[in-house]
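Throw the hints in and build the complete structure from the sequences for me.
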Amino acid sequence: MLSYARPWIHQTRSLWPGLALPLLIMLGATFLSEHYGGPQLLYALLFGLAFHFLHQDARCRPGIEFCARTLLRIGVALLGARITLAQIGQLGIGPLATAALGIVSTIALGAWLARRFGLKTDFGLLCGAAVSICGASAALAVAAVMPKTEENERHTLLTVVGVTGLSTLAMIAYPLLAKALQWSDTGAGIFLGGTIHDVAQVIGAGLMISHEAGDVAVIVKLFRVTLLVPVVAVLAWYWRQRSNAPSSGNRQAPLLPFFLIGFMALVLVNSLGGLTPRFTEALSQISRICLVIAISALGIKTSFEELLKLGWRPMALMLVETLWLATVFVIYLCVFTR
19 MLSYARPWIH
29 QTRSLWPGLA
39 LPLLIMLGAT
49 FLSEHYGGPQ
59 LLYALLFGLA
69 FHFLHQDARC
79 RPGIEFCART
89 LLRIGVALLG
99 ARITLAQIGQ
109 LGIGPLATAA
119 LGIVSTIALG
129 AWLARRFGLK
139 TDFGLLCGAA
149 VSICGASAAL
159 AVAAVMPKTE
169 ENERHTLLTV
179 VGVTGLSTLA
189 MIAYPLLAKA
199 LQWSDTGAGI
209 FLGGTIHDVA
219 QVIGAGLMIS
229 HEAGDVAVIV
239 KLFRVTLLVP
249 VVAVLAWYWR
259 QRSNAPSSGN
269 RQAPLLPFFL
279 IGFMALVLVN
289 SLGGLTPRFT
299 EALSQISRIC
309 LVIAISALGI
319 KTSFEELLKL
329 GWRPMALMLV
339 ETLWLATVFV
349 IYLCVFTR
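So for the sequence shown, my numbering puts the first residue at 19; every next one is plus one.
It cannot be assumed that every hint is accurate.
[What the hints assert, rightly or not] Here are the in silico distance ranges between beta carbons for each label pair:
id, residue 1, residue 2, range
1, PRO295, THR88, 19 to 29 Å
2, ILE111, LEU195, 18 to 28 Å
3, LEU194, ALA283, 36 to 46 Å
4, VAL338, ALA198, 19 to 29 Å
5, ALA38, ILE111, 41 to 51 Å
6, HIS53, ILE111, 35 to 45 Å
7, THR294, HIS70, 35 to 45 Å
8, ARG296, GLU323, 37 to 47 Å
9, ALA300, VAL338, 35 to 45 Å
10, SER321, LEU45, 20 to 30 Å
It should be emphasised that the hints constitute simulated quantities derived from the structure, not laboratory data.
For each residue, glycine too, the CB sits at the ideal point set by N, CA and C.
Below is the structure:
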């Protein structure tokens, strides 16, 4: 019995040197975010970049890879604990259809513009999903099914930096726009929940207007998060088909990754009342911890100099996608809800 356990024990021990650093970075990023404000994920990413030299250490590499892949998938799966089908049903067909249209059109625009900007289509798909669904969390979910290359890892980190910054700017600017256009609290909530990238900034922007706007914004945002499942599944299928080409050496991505199955299972269980509010909150916190540790590990794996070499085009692409998504919801609210 002990002989069977020894390989597992040895493998677990080999993870600890590389697991400890992302864990400490997560704690430091959490402290800064809670006491001084600012995006927790961005702090974690910047700290991780500062410790890039440790990725070359053979003792640290297994644990860092575990955080960047396994904990990433666990964190995305646990996002499903925040959502119920009843919440989504409260919105009505208009906001739901607009959110779906915004996601599909933004991803398509990203893929098309990426080629025009001299970037790879994969990057356009990645940042399009991040901008249109749920920011850094969506970027990490899509990255989990992308072909595993150093270039794609750099693109993932750049996307996290870009959408986090744009989401923070949107949190400040979009409530002012909603007030200038004299939308109702419900209309403002639909706009904020449908356009701002990260959940935390959606909540903050909604509450700048009213509690009602905040509640509506969160529900719209959670619907966008549920669309992460079909989007990632379609992208996984796309990359899987491409990996079948004789010239491709990439390992095939599964058609429906296990973390997406876990996500859908938690949505279903929560919709049926199988999760208590306290347990749901606990799973949400665990999800956040896993994602912060994962982005710390991705930062450690990436060279800051290599990020700078990517230039201004990726940021310009994400800005155009952000403005496009906002335009979709402005048209809906100004034309179809008057």
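_Under the constraints set out in the numbered hints, which ones does this structure not fulfil?_
Failing hints: none at all.
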